[in-house]
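A.B. asks: Taking the hints into account, I'd like the entire structure generated from these sequences.
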Amino acid sequence: MTPKASEGSRELSVQKIKDGTVIDHISAGYALAVLQILGITGREGDILLVAMNMHSKRLDKKDLIKIEGRELTTEEINRIALVAPKATINIIRSFKVHHKQRIKIPDEIEGIVNCANPSCITNNERGITSSFTVTQRNPVTLRCTYCKQITSHNQIIDQLLGKS
Amino acid sequence: MTFNVKNIISIADLADKDILTILDRADKMERLARGGKQSRLLEGRILATLFYEPSTRTRLSFESAMLRLGGSTVSVAQVGSSSVAKGESLADTIRTVESYSDIIVLRHPQEGAAQWAAEVASVPIINAGDGAGRHPTQTLLDLATIRKSQGKLEGLNVAVLGDLRFGRTVHSLSYAITRFTDKLYCVAPEGLELPPEIVMDLQGQDKEVIQTGDLQGILPNLDVLYVTRIQKERFPSPADYERVRGQYVIDLSLLEHAKPTLDILHPLPRVDEIAPAVDKTPHARYFTQVFNGLVVRMAVLDLLMEAQKA
Chain X
1486 MTPKASEGSR
1496 ELSVQKIKDG
1506 TVIDHISAGY
1516 ALAVLQILGI
1526 TGREGDILLV
1536 AMNMHSKRLD
1546 KKDLIKIEGR
1556 ELTTEEINRI
1566 ALVAPKATIN
1576 IIRSFKVHHK
1586 QRIKIPDEIE
1596 GIVNCANPSC
1606 ITNNERGITS
1616 SFTVTQRNPV
1626 TLRCTYCKQI
1636 TSHNQIIDQL
1646 LGKS
Chain L
3 MTFNVKNIIS
13 IADLADKDIL
23 TILDRADKME
33 RLARGGKQSR
43 LLEGRILATL
53 FYEPSTRTRL
63 SFESAMLRLG
73 GSTVSVAQVG
83 SSSVAKGESL
93 ADTIRTVESY
103 SDIIVLRHPQ
113 EGAAQWAAEV
123 ASVPIINAGD
133 GAGRHPTQTL
143 LDLATIRKSQ
153 GKLEGLNVAV
163 LGDLRFGRTV
173 HSLSYAITRF
183 TDKLYCVAPE
193 GLELPPEIVM
203 DLQGQDKEVI
213 QTGDLQGILP
223 NLDVLYVTRI
233 QKERFPSPAD
243 YERVRGQYVI
253 DLSLLEHAKP
263 TLDILHPLPR
273 VDEIAPAVDK
283 TPHARYFTQV
293 FNGLVVRMAV
303 LDLLMEAQKA
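Here the protein sequences come in this chain order: X and L. The numbering of the first sequence is this note's numbering, which starts it at 1486 and goes up by one. The numbering of the second sequence is this note's numbering, which starts it at 3 and goes up by one.
Among the clues, some could well be false.
Stated by the list, open to error - Listed below are the simulated DSSO-like cross-link pairs for lysine-lysine, each with C-alpha atoms no more than 30 angstroms apart in a straight line: (1) L:Lys185 with X:Lys1633; (2) L:Lys88 with X:Lys1633; (3) X:Lys1633 with L:Lys234; (4) L:Lys311 with L:Lys234; (5) L:Lys19 with X:Lys1633; (6) X:Lys1633 with L:Lys8.
No lab work stands behind these hints: they were computed from the structure.
C.D. replies: In structure tokens, the structure reads:
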């Protein structure tokens, strides 16, 4: 299921999916990170389309993912928001967009990632949930509500990808 | 003025008017702090001090403050030998200790611990230092010392000197004093400068941050010089430490360039960054700071208890 290049045009047309999710306007270069966050390996057997560094009016360049047979949950959308803050989520049913959801980064985030400061109380005490205020939205940067230290965009991605 | 503060966790949580209310109340506590007539302001109230890290001055100062106000204190002699050593969480310890007390002073090695304690406690929490994080009563006593000596906080030329990178007292003071002044002089050895995020924060609030190595050059302008210890362990080699150490010793010959009204503060303990001969000059305020630590903590205890009653 490779994208088809229409003759005489530099545009790529990407095949439609029947039921599932289209994640559009992912920051260029982050599609594989989004897949990893969602735990999608491509070995699930469902149609999976990934396009990277495509032309975009809104973002200059963007990535796009189409996932057959899976509708994302709110929790999954929140996780993606930290990596791809400008993404749009289209839930597809019977080849049509059932509803569209623009990712909106909340002012405050609880859980999802840990504070990058190893001596923060949230990394050492049982029964406490990490909590952040969003200090920058694109790329996302978080300030811990407890220790006030910054967790950078790269640290967020490393955590979501299981690297730290 | 109403004081609607429930906990003292960070100086950043306090509005300017709250800081000034604390300093005003501290002024009124001076007579009581010197002893003589026993106050009954906090009679029947119990302060618990819960120190997970060693401290001499801060702990004694809080306990003395409570006793001067007629209250009582309880403390865990060694946190290491308590339930904590058996793996009890901070939240559980706080819930237990609050049953025995009306207010808790906490020092903890982890950043953000005091805020977490405040979330689980029903009694007021005072942060007496959380890791490399915050130590708000130290900053309040620094401000009290400056205001008492200079008669004001506004418009002063303040310099911070020494280890500006790791010193939590300096970070907190830098934010606090620039609420009242337009600029801050910073003098630090290479590698120990004020962290760039603090410089950016201050510049974002339209404050001028003047970073210089020329202490003698700026000294004639200064009203306040806040000196901190440069720790040997911050340097890659003893030779590097020795090279830097000598550059920033405050002695009588240096002070010939200073205003007669210059105040020198130091959070103590000092090593040799201020020559003992300076102690006898009118510039030396570091022992006054110790006394102000007591009156400020009396003020904080009194105001928090008062706010809880309201």
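A.B. asks: Would you mind marking each hint as holding or not holding in the structure?
C.D. replies: Outcome of the hint check:
no.	hint	result
1	L:Lys185 with X:Lys1633	holds (24 angstroms)
2	L:Lys88 with X:Lys1633	holds (29 angstroms)
3	X:Lys1633 with L:Lys234	holds (27 angstroms)
4	L:Lys311 with L:Lys234	violated (47 angstroms)
5	L:Lys19 with X:Lys1633	holds (23 angstroms)
6	X:Lys1633 with L:Lys8	holds (20 angstroms)
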